[in-house]
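Student: One letter stands for each residue in the lines below.
2 protein chains.
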Amino acid sequence: MWLFTKNDKPRYVYTFGEAVGLDKNSLWGKWANLADMVGMGLPIPMWFTVTCETCAIYYENNKTYPQEVLDQIEEELVKLETLMGKKLGDPVDPLLVSVRSGAAASLPGMMDTVLNLGLNDESVIWLANKTNNPRFARDSYRRFIQMFGDVVMEVPHHDFETALQAIKDEKGVKLDTELDTEDLKKVVVAYKEVIKKDTGKMFPNNPREQLKMAVDAVFNSWNNERAIIYRRLNDIKWLLGTAVNVQTMVFGNMGDTSGTGVCFTRNPSTGENKFYGEFLMNAQGEDVVAGIRTPLEIAELDRVMPDCYKQLVEIYHGLEKHYHDMQDMEFTIQEGKLYILQTRNGKRTAAAAVKMAVDMLKEWLIDEKTAILRVMPEQLDALLHKQIVPTAKASAELLTKGLPASPGAAVGQIVFTAVAAHDQAEEGKKVVLVRTETSPEDIEGMHAAQGILTARGGMTSHAAVVARGMGKCCVAGAGDIQVDEKAKTLTVKGKTFNEGDIITLDGSTGEVFAGALEVMDPELSGDFEALMLLADKYRTLGIRTNADTPHDAQVARKFGAQGIWLCRTEHMFFAEERIKAVREMILADDVDGRKKALAKILPYQKEDFIWILKAMEGLPVTIRFLDPPLHEFLPQEEKDILALSQEMNVSVAVLKERIVSLHEFNPMLGHRGCRLVITYPEIAEMQTEAVISAACELKKQGVDAHPEIMIPLVGFKAELDFNAEIVRKVAQETMDKYGMKIDYKLWTMIEVPRGAVTADKVAETAEFFSFGTNDLTQMTLGFSRDDAGKFIKEYVAKNIFEKDPFQTLDTEGVGQLIQMAVEKGRATRKDIKLWICGEHGGDPASIAFCHKVGLNYVSCSPFRVPIARLAAAHAALKA
Amino acid sequence: MWLFTKNDKPRYVYTFGEAVGLDKNSLWGKWANLADMVGMGLPIPMWFTVTCETCAIYYENNKTYPQEVLDQIEEELVKLETLMGKKLGDPVDPLLVSVRSGAAASLPGMMDTVLNLGLNDESVIWLANKTNNPRFARDSYRRFIQMFGDVVMEVPHHDFETALQAIKDEKGVKLDTELDTEDLKKVVVAYKEVIKKDTGKMFPNNPREQLKMAVDAVFNSWNNERAIIYRRLNDIKWLLGTAVNVQTMVFGNMGDTSGTGVCFTRNPSTGENKFYGEFLMNAQGEDVVAGIRTPLEIAELDRVMPDCYKQLVEIYHGLEKHYHDMQDMEFTIQEGKLYILQTRNGKRTAAAAVKMAVDMLKEWLIDEKTAILRVMPEQLDALLHKQIVPTAKASAELLTKGLPASPGAAVGQIVFTAVAAHDQAEEGKKVVLVRTETSPEDIEGMHAAQGILTARGGMTSHAAVVARGMGKCCVAGAGDIQVDEKAKTLTVKGKTFNEGDIITLDGSTGEVFAGALEVMDPELSGDFEALMLLADKYRTLGIRTNADTPHDAQVARKFGAQGIWLCRTEHMFFAEERIKAVREMILADDVDGRKKALAKILPYQKEDFIWILKAMEGLPVTIRFLDPPLHEFLPQEEKDILALSQEMNVSVAVLKERIVSLHEFNPMLGHRGCRLVITYPEIAEMQTEAVISAACELKKQGVDAHPEIMIPLVGFKAELDFNAEIVRKVAQETMDKYGMKIDYKLWTMIEVPRGAVTADKVAETAEFFSFGTNDLTQMTLGFSRDDAGKFIKEYVAKNIFEKDPFQTLDTEGVGQLIQMAVEKGRATRKDIKLWICGEHGGDPASIAFCHKVGLNYVSCSPFRVPIARLAAAHAALKA
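Those sequence lines, one after another, are chains A and B.
Heads up: the first sequence at position 224 corresponds to 221 in my numbering, and the numbers run straight through without jumps.
Heads up: the second sequence at position 315 corresponds to 312 in my numbering, and the numbers run straight through without jumps.
Just chain A, with the same shape it has in the complex (with noise of 0.2 Å):
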């Protein structure tokens, strides 16, 4: 664990110099870079720092630590005193620092900073004299005495401004700095009075005793709330602790030749590679960061400080060179002279990220490779999807916040049922569907509203996976949200909103807002092109598409699908011609009453395919036959029933027995999938019927299609069999009808374990595997993926997990199923086809792992599309 000893005993302090040329994963992150700079002889203010290290033994050891770490700063810090020519304490020009955290990785504004520290009642005088601006000493000592109350001594920050407010009211001005000296001094005695009435204790004057408080300070910011949750929210799992460092200050406060600033090598928000960011003059960091004063845009200081603005031009070009990536600075000009405080590489927006990539690859700056990793894959969903206008925000009406299900931004008119948001959005109004939770037989409505918001169900609900595919906002399981669909309301924290009044959702944080919010629509660049031609290049893994209509199609296609792998058909079934049909089936006596019903059924499925493969002409389309359990085709609710009852003129009391006779206890584990066409093989014959047909009628159009049948939910081999004998019958029955050949594919999909444990049987039969990886991990796991979202939040809270297994593969479990059925897979067919098309199938975590355990192919929703290209160069190019 120990980098380096010092006469074999431990170090916990290191001095700049120490730390030049140290590798910047190393172990205390931007201080790493600081170093870097001060070996390119760039003006960086010294410092010394105690190591991530010490802070994990701070926390091993109930929160102290040895001795040698105190000695150990005493000995640095007075090296510090003696390079400056100042003391810590000193009353006559004392040397002034800054106690900062710093971790391997960013943890922006998470943990704790003191600025100022060594200021004590004897040094603010000579600081005043010293500077001739006694304004600036006490102003500076008061900023100081606030920070280490609120920091270090955990003072509310309210009563700090409670004093400073009373006087300001007493001399009647608004704004800080029309505070004068003397009212500064008063604000001074105000705050240490606070402290003491917080405290009980006093202001420490002693500057070393400043200095040991302020380092236990920022080790105990290593784990307070925010950086806790900063830290799960980002998956920073790695790191040992904070280090702690402590700096020389200087002060961009010192007067109008002095200020500080934040400074991109290109824009952030654009990619555009000009330089960008913005300055105070006479301020500190703080200022500029905290926006309390509006800054001026960074190309002014070309006339403020024309010679500092030189420089600093000279120095981003170089550090660009140097780091090979945009550089996010932070810059003090102290008295005229310019000192470089921190540079790291700079966060971007995700239109800025593509663009970077492909300019930098131009200007030679970096390979295609490290273009292609610039660029993270989850970012691109931004750029497809409408968004809030982010300003639009602030001045809004938060409802509530549930879960961020489908990204994109809805606004739009509240209705309750599926029936009026296809009514209403026929009639042109903007709608946005409101429901408990949304079940199939809402797909219309879904359709046609703008989004979706859900009081129930997780990320991977019925809402949520059907949203996702469809590129459609929605917010799912708002819990705090109450619906009452009768009633035509819908409540949240006391405020209730009926049908029609309007409401903004944000599909891509979950929030939801009353009212309209401007909203801007998504536009993708030429570099966007360009970076996906780049991940073609690298990726290896095949990229398809979930989709089952000629719309979801072409939106695949546009973005680079080569083919559908997963369309469901069951939606299909729900059409308000067709359902009829479906409930005459599933109601018939006998199979010669389901035939009937059937053969309704069966010219909507072929016009249905010979659409989609129309649409996809030239690549293939694996149609997935019918998937849920029969039950989920009838009414539930007393009036549908009697409607029912009346169209299919059989007495409501038949009908209930039939639905009570279909119901089942845990439909997820039911009879459906395959498993109905062992019951009912004349269903299977009826879809392979629409499936040859619609390919016959397109090849005597002359189109070129290629479908391919999957059967769903198969454990058992001889299920895989009995199905593929059906299909294989009645297709050759259609092809012979035609008198044609179609070259059809049957595949199987591998979702229930029994179907993984026993893939080398399986492979017997099936050519291809899809792993359906929703079924998969809901059976691996025996979570309900319906039911889990109540508890799962527990499951992330309390680490039992890291992630949600439904978003991202869990590759411990679920992933060793599916590494067994590849090789049983191999092991009896060697060339045999595999390929995922649950949700991760779009989730760049697990199309690292498909690529890494062999997979051919990874299909997902059509608006992840890109996503999954550019994860699977990234997984192509990391393995």
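To be clear, the hints were calculated from the coordinates, so they are not data collected in a lab.
Wrong hints could be hidden among the right ones.
Copies of the same chain are indistinguishable here, so a pair counts whether it falls within one copy or spans any two.
In the BS3-like style, the derived pairs of lysine-lysine whose C-alpha atoms are separated by at most 25 Å in a straight line are [said to hold, decoys possible]:
id : residue 1 : residue 2
1  : K593      : K787
2  : K592      : K790
3  : K849      : K758
4  : K483      : K636
5  : K366      : K875
6  : K790      : K76
7  : K790      : K318
8  : K318      : K198
9  : K790      : K271
10 : K800      : K758
11 : K483      : K653
12 : K696      : K742
13 : K168      : K194
14 : K742      : K726
15 : K787      : K592
16 : K636      : K653
17 : K734      : K334
18 : K366      : K849
19 : K426      : K827
With chain A held as given, fit chain B onto it using these hints.
Tutor: Okay, now just chain B, sitting in the frame of chain A:
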């Protein structure tokens, strides 16, 4: 495939001489026994055999075989004719033969037989003259025509009966024996007309044509419906087909010195070592088997034909010694000469099997291992439960047949609710609880009832599992019945029963009868105990039990369980005085509220554990922590909700909201098991305190208690760790409070596929795994046991799988996961102990698998313990 060839040509036909000395497991079963007997010098009518392979060829070649088959038959026929000095079809002194089926396994009565083949219009006259018994001749001839018409020419049996009846009516007699020779001549003519009319073909007068047709008919009967069903039911899969045996006829109906009989070397019903059987003089074998005339006891033969009897007794002793098993023999006496027609190991009742095994061991006829293997574990079930007196069924009104969910017999008055069952049983009535399906709330009522009948649910539905656990008779999934719990009526096939009406259930067959049938109690003999001790000597698997009441624990202990390894705790939550506190806990808004409610449950749980630990003193008791989702404890019906609302002083609206919010779409995959504890740690805290304080109280009393705690539904090591930490902490606190040390253990269940797949990780924390194969089967196969009952029948019927995987472990799928978990678990922890505790723990085939993969124990319901002991011994001996 070919055992023999003759001049390098395939052999289809063998003479009896060639078969002598062949292994009795060779291809033609009982005919090998006949060959044996020829070798022993016993009087056997001569024969030749067409092999089973020929039957296979017949089916492979679209019901044809090569000409060589007929050639070889002719060749052997000529040999037989030469040997007998008679010719088939000779008008004078013709050879008459029987044509019979014979497979390597016994399929009693399932395939066809033709007797007296060779008779025709000419030879019948000779036969009449020769035997000086024209009536016998004509009777033989008309029997032959009827049998040939029925079996070979597929004439409905009924048509012959009608023709015969017409002649009897004409003469005014009732019995066949009252017809004289002239009447029988008329019958022959009438029968031939029936054949002509029904088939359009003449009855073949040429005996060689008769023979060819009869051989084909026997082959055809191999695949008649009843033979197929019998093979499926008896799991006979490895047979090639049936052999055809053409044997010289001997006649038991040649007058008063002729006769025929069936006998057993011991009593097949009781096992008593006493010659047992019956015979008829002047009759053919079919008369005895068909039960048309009432036969005499075998001992009577000593009086009628003392020489024959003496010879028979000598033979039976010899055969038992030769085969080391009880023999079931058929014999015929033709004019004073005894012929043995068949011997085979006799079928026997469970009681007889046990007695014979133990007796034969004592008699040095067999060794210990053979004695153990002589009793099929499954047979024991019948010995452990009440049975309907077999003769009582004949005259009873069978209402319907459901699934034989839990063996035994029950007679009682119908009740429709658990409360009524409980109340009326308190009044001393015997009741049968009839429900659409049962739920955990019904537990007290089930306990009070004599038996349970449900309209829904499979062999592993709640009712079935709980009833088997209680050793209580249950018929489940009787789809024909309609239960109206409100109107308190049970309707079956149009007939309606009310509360108080009496019915009888046979849980071993699934039959439901109207009224009260006579029932007999089980009685366990000393032989049973002796066999159990023998089994214990050879088995290596430990046998424990699943029990959650002191009564069940005592039963299991009496049956030889070596501990309780699945004590479910959820049933304890349902008792009237506790359910209120449980509901209070569920409805509580916060931790404090839940803790308050749990504190009320604690004393009850503690009391439960005290009693059960006491009942199992000296043996381990593994207590599984709460498993079901919480919504199972809340009422669903309007009136119960209303009652609860008043009882708890909570508004109906709030109550319903909570019920809705707890509702799960797939409760099997929901918030249950160890997952509950992740959200509500206080539940595990209470249960731990109850277990450990119960053990402490017992220790104070000097009782040797061995509590063990089992955490259910673990899929992630972290889940187990989270639970384990709570258990260890609270256990320590409780022990500290008592100032005692309890050596409790902490196990986990592997019942989620992920748990099996990551067993290496789970074993880092768990020292023991129990495979919960019920849930593991559900999740691995993706079959809900509550729902799959509806389609599993189709699966078995269509050969998708061989057996219901909820009854017999699916070794290919679920078994592979178990094996993987065994290997992974042992890799992490060499001495890890492994067992199963699902329903499969009492299934002999599954127990054999457990032995094979190296588990240490199986745990099953109390009444399965003896079966498991014997099955474990079988597994060890067969390994």
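Student: Hint by hint, say whether it matches the structure.
Tutor: Results for each hint:
Taking the closest pair of Cα atoms, K593 and K787 come within 25 Å of each other only across two copies (24 Å); inside a single copy the shortest separation is 43 Å, beyond that limit. Proximity of K592 to K790 under the C-alpha cut-off of 25 Å is restricted to the inter-copy arrangement: shortest distance 22 Å between copies versus 46 Å within a copy. In this assembly of identical chains, K849 and K758 lie within 25 Å of each other by CA distance both inside one copy and across copies; the values are 24 Å within and 22 Å between. Both within a single protomer and between protomers do K483 and K636 lie at most 25 Å apart by alpha-carbon distance, with minima of 12 Å and 23 Å respectively.
Proximity of K366 to K875 under the C-alpha cut-off of 25 Å is restricted to the intra-copy arrangement: shortest distance 10 Å within a copy versus 62 Å between copies. Proximity of K790 to K76 under the C-alpha cut-off of 25 Å is found in neither arrangement, the shortest distances being 50 Å within a copy and 86 Å between copies. In this assembly of identical chains, K790 and K318 lie within 25 Å of each other by CA distance neither inside one copy nor across copies; the values are 44 Å within and 72 Å between. Proximity of K318 to K198 under the C-alpha cut-off of 25 Å is found in neither arrangement, the shortest distances being 51 Å within a copy and 104 Å between copies.
When the C-alpha separation of K790 and K271 is checked against a cutoff of 25 Å, the pair qualifies neither within a copy, at 43 Å, nor between copies, at 73 Å. In this assembly of identical chains, K800 and K758 lie within 25 Å of each other by CA distance solely across copies; the values are 18 Å between and 33 Å within a copy. When the C-alpha separation of K483 and K653 is checked against a cutoff of 25 Å, the pair qualifies both within a copy, at 22 Å, and between copies, at 16 Å. In the homo-oligomer, the alpha carbons of K696 and K742 lie at most 25 Å apart inside one protomer (16 Å), although the nearest pairing across protomers, at 69 Å, exceeds that limit.
Taking the shortest alpha-carbon separations for K168 and K194, only the intra-copy value of 24 Å comes in at or below 25 Å, while the best inter-copy value is 127 Å. Taking the shortest Cα distances, K742 and K726 sit within 25 Å of each other inside one copy (13 Å), while across copies they are farther apart (59 Å). Taking CA atoms no more than 25 Å apart as the test, K787 paired with K592 passes between copies only; the shortest distance there is 21 Å, against 42 Å inside one copy. Proximity of K636 to K653 under the C-alpha cut-off of 25 Å is found in both arrangements, the shortest distances being 12 Å within a copy and 21 Å between copies.
For the homomeric pair K734 and K334, neither the shortest alpha-carbon distance inside one copy (89 Å) nor that between copies (70 Å) is at most 25 Å. With identical chains, the CA atoms of K366 and K849 are at most 25 Å apart within one copy only, with a shortest distance of 18 Å there and 53 Å across copies. Taking CA atoms no more than 25 Å apart as the test, K426 paired with K827 passes in neither setting, with 55 Å inside one copy and 68 Å between copies.
Comparing the model with each numbered hint stated earlier shows that hints 6, 7, 8, 9, 17 and 19 do not hold.
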